[in-house]
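Here is what each chain is made of, one letter per residue.
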Amino acid sequence: MTAITHPAQKVVSGQSRKPRLTDRARAERRLGWMLVAPAVIVMIAVTVYPIINAFILSLQRADLRFPQANTFIGLDNYGSVLGSSLFWQDVYHTLIITVISVAFELVFGMLIALAMHRVIFARGAVRAIALIPYGIVTVVAAYSWRYALELDSGWIPKLLGLHTDPLATSTGSYIGVIVAEIWKTTPFMALLLLGGLALVPDELHEAAKVDGASTWQRFWKITIPLMKPAILVALLFRTLDAFRIYDTVVIFNNGAHNTETLSVLTSNQLLSRLNLGLGSTVAVLLFVMVGIIAFMFIKVFGANAAPGGGD
Amino acid sequence: METTLSKRAGWTGAIVLLVVFALVPVVWIISLSLKDPTTIGDGSFLPTKFTWDNYSSIFSQSIFTDALRNSIGIALISTVIAVFIACFAAYAIARLNFPGKNVVLIASLGIAMFPPISLVGPLYNLWRNIGLYDTWPGLIIPYMTFALPLSIFILSAFFREIPWELEQAAQVDGATPLQAFVKVIAPLAAPGIFTTAILVFLFCWNDFVFASTLTSTNAAQTVPAALAAFPGASQFTQPIGTIAAAAVVVTIPVVIIVLLFQRRIVSGLTAGAVKG
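First to last, the sequence lines map onto chains A and B.
Just so you know, the working numbering puts 67 at position 64 of the first sequence, and the rest follows in order with no gaps.
Just so you know, the working numbering puts 1039 at position 173 of the second sequence, and the rest follows in order with no gaps.
Among the clues, some could well be false.
Each pair of labels, with its calculated beta carbon distance range [unchecked claim]:
no., chain 1, residue 1, chain 2, residue 2, range
1, B, Pro1029, A, Ile47, 50 to 58 angstroms
2, A, Ala125, B, Glu1027, 27 to 35 angstroms
3, A, Trp91, B, Pro1029, 52 to 60 angstroms
4, A, Gln220, B, Leu912, 56 to 64 angstroms
5, A, Ala201, B, Val882, 31 to 39 angstroms
6, B, Lys873, A, Gly294, 42 to 50 angstroms
7, B, Lys873, A, Lys231, 24 to 32 angstroms
8, B, Val882, A, Tyr81, 51 to 59 angstroms
9, B, Glu1027, A, Gly294, 43 to 51 angstroms
Simulated from the structure, these hints should not be mistaken for laboratory data.
We put the CB at the ideal spot given by N, CA and C, even for glycine.
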């Protein structure tokens, strides 16, 4: 998903009349509700209803292979899922992929943003090329990296003189998935950071330079603090996105060699094993975890969460 | 003086590295698609023996041509509906005062963060019961839902920048409300709407979660899902050449869009994020 931020910003529009509602204000209210209604109804109907449905299914023994055995079993599914080592392994796999890829993306994205901010020549061309990975279909990016790494076809094993298939190992598979993720999503990170960088006034840097601050000091004391909101937004979106990783893992090996993530586990339970009860339980748990991550981000960085340019 | 020069060289080097890293996988997949089957496993970065056979092969297979048709149709329809509905909501959010505005924004934010895979089970079940499984609407509905928050945020950021006083000014000058809207406001709003449409289209074009789980045949399978389902020459061989060719074909429109509209894409992504 893409760029959305802290919504709590006050919108200044028209004249606000607090004390008594005039006819005009009342008409404005009604028009406002009417205009947002279609969007709100669609969003609620397509997400809220299914997640409630998933929650109800997660309380049942619901296996499409044995439809007669459907029955309400309370929290038993949660017991089986939370008690299974498979689930916790997948949590671990998901966390490894998320943390490593987002960390690299942040560093590379920041470097790219700084480079793009300074570069004087061919700005448009550089920006366009840097954007290409953002536009490329994730499945295509995953295939390209997979075939580049596979022993049967790839140029990377040949270049490195490998004689065993790197993707037949767990480490190799992780490297492949993570590199493909980093390649695909760093441009997005860089663009969000570039937006934040544009808000850092040059005069501050000039003043600090006069006072004898080094480039490094200026970066840590001026650029980073002023960019904090942009960094937070970029991190939040990429972390949540990486935590839901599905496409790349499925294309690489569908979770073989210990790379199965929570999203892949959910779809395998639901669609291969047709176990709606257990699959929905994992889906609900994934939903809750994503909520916890979002909540933690907003709590930890909360005070500074308001995006830059707060007008 | 020397330090600035070496610094500049450093940044230039970084840019060159970035460009190479961004392009290598693209060149590689094109190279794979042009390799003759006898040399597909040679591991050479550029093809040693050229062929167009992979391209003629995919365009003669209905699994690919149908998927291409589905991808284009589904992405376009979802984009038009999502942007249309989002325009009303974004206008209200940018221009009108009404209670519950922040609730709408927070709800959209929540949906933007929603893990799509959590919906797959219930939707799979529901779609099979009401006959939407493996149909165009079966994909259009989830796509437009997940595109709505994105569209609302970007559009409302753009709409806030429009000088709406011009509308009244035109009316004072004798324009009818319709004329004022069509001649003054619409041209100002069009770039933002167009930018949003590009980003939403790329999002729909990219999806694999819903495409691979809510479809099963040529009736509605989109290209990303078809790529993963391509049949090999035998059960044990990966159709690397044909997958690569199909991958190149779905990539071409995206690269054209990115190259033509890079400025808009950047402004859209940063408008949604930075201005909030």
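Comparing the hints with the structure gives:
Evaluation of the 50 to 58 angstroms hint for B/Pro1029 and A/Ile47 yields a failure: the beta carbon distance comes to about 34 angstroms. Distance hint for A/Ala125 and B/Glu1027: a CB-CB separation of about 28 angstroms, consistent with the stated range 27 to 35 angstroms. At roughly 56 angstroms, the beta-carbon separation of A/Trp91 and B/Pro1029 lies within the given 52 to 60 angstroms, and the hint holds. In this structure the supplied range 56 to 64 angstroms is violated for A/Gln220 paired with B/Leu912, their Cβ-Cβ distance being about 46 angstroms.
For A/Ala201 and B/Val882, the Cβ-Cβ distance of about 23 angstroms falls outside the hinted range of 31 to 39 angstroms, so the restraint is violated. Roughly 44 angstroms separates the CB atoms of B/Lys873 and A/Gly294, a value that falls within the hinted 42 to 50 angstroms. Between B/Lys873 and A/Lys231 the beta carbons are some 25 angstroms apart, a value that agrees with the proposed interval 24 to 32 angstroms. Between B/Val882 and A/Tyr81 the CB atoms are about 52 angstroms apart, so this pair conforms to the stated range of 51 to 59 angstroms.
At about 32 angstroms, the CB distance of B/Glu1027 to A/Gly294 disagrees with the hint of 43 to 51 angstroms.
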